[in-house]
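Asks: Quick note on numbering: the sequence shown equals residues 892 to 1086 in our numbering.
What the hints contain is simulated information worked out from the structure, not anything from laboratory work.
Since this is a predicted model, take the numbers as computed values, not measurements.
Note that CB positions come from ideal geometry on N, CA and C, so glycine has one too.
Here are the simulated lysine to any residue pairs, SDA-like style, with alpha carbons at most 20 Å apart:
(1) Lys1062 with Gly1037
(2) Lys893 with His974
(3) Lys1008 with Glu1018
(4) Lys1067 with Leu1056
(5) Lys1062 with Trp1076
(6) Lys1008 with Cys998
(7) Lys1067 with Gln926
Restraint-style ranges between C-beta atoms, simulated for each label pair:
(8) Pro922 with Cys996: 31 to 37 Å
(9) Phe1013 with Pro953: 26 to 32 Å
(10) Gly977 with Glu1018: 17 to 23 Å
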Amino acid sequence: MKRPAVFIDRDGTINEQMGYINHLSRFVLLPGTAQAVSLLNRNRYLTIIVSNQSGVARGYFPIELVEQVHDHLKNLLEQESAHVDGIFYCPHHPMGTLPEYSIKCDCRKPSPGLVEKACRSFEIDMENSYVIGDRCSDIELAQRCGLKGILVTTGYGLGDIKYVLPNKPFKPLSIKKDLLDAVRWVIERDGGNNS
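Using the sequences and the accompanying hints, generate a full structural model.
Replies: Written out as structure tokens, the structure is:
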């Protein structure tokens, strides 16, 4: 049975935008994140994180740290009775310093590779799915995958809305204050997904 998914960007949408999260202490959940994820869980949306983590390719931190950060994220959410169904990330960058990760890939957003990978792991109702993020690249990802894109004003959101979005051929379906605001809007728009 296919379920709709909400693909959520990580840095700047789920946690505070601090540049590269190169230490566990720099990972700080934004207010309302656990509540937003819990709402998605209760309304039967698959909750899937899609994140570019080019710091690996650039040699800023090892890939193991990305996994530690995601374990930490899962623990923080669990404490608030929330969970993500999947986390997919791209460690690549064509201009990186580590040869094994310094490639032009199809998983670096806005390329659709992370969403395609999620679709191989879950039965996803793509027609009724969303992308929520703080960058225009998240909205471009949504467009490339035939999903509905929501831009949030946390992280890089305000700057992207003012300076980047006006020059883009695509627009978000909606602009919301933060992840919780966006999730509430999705659930209200769709009338929930409890069936």
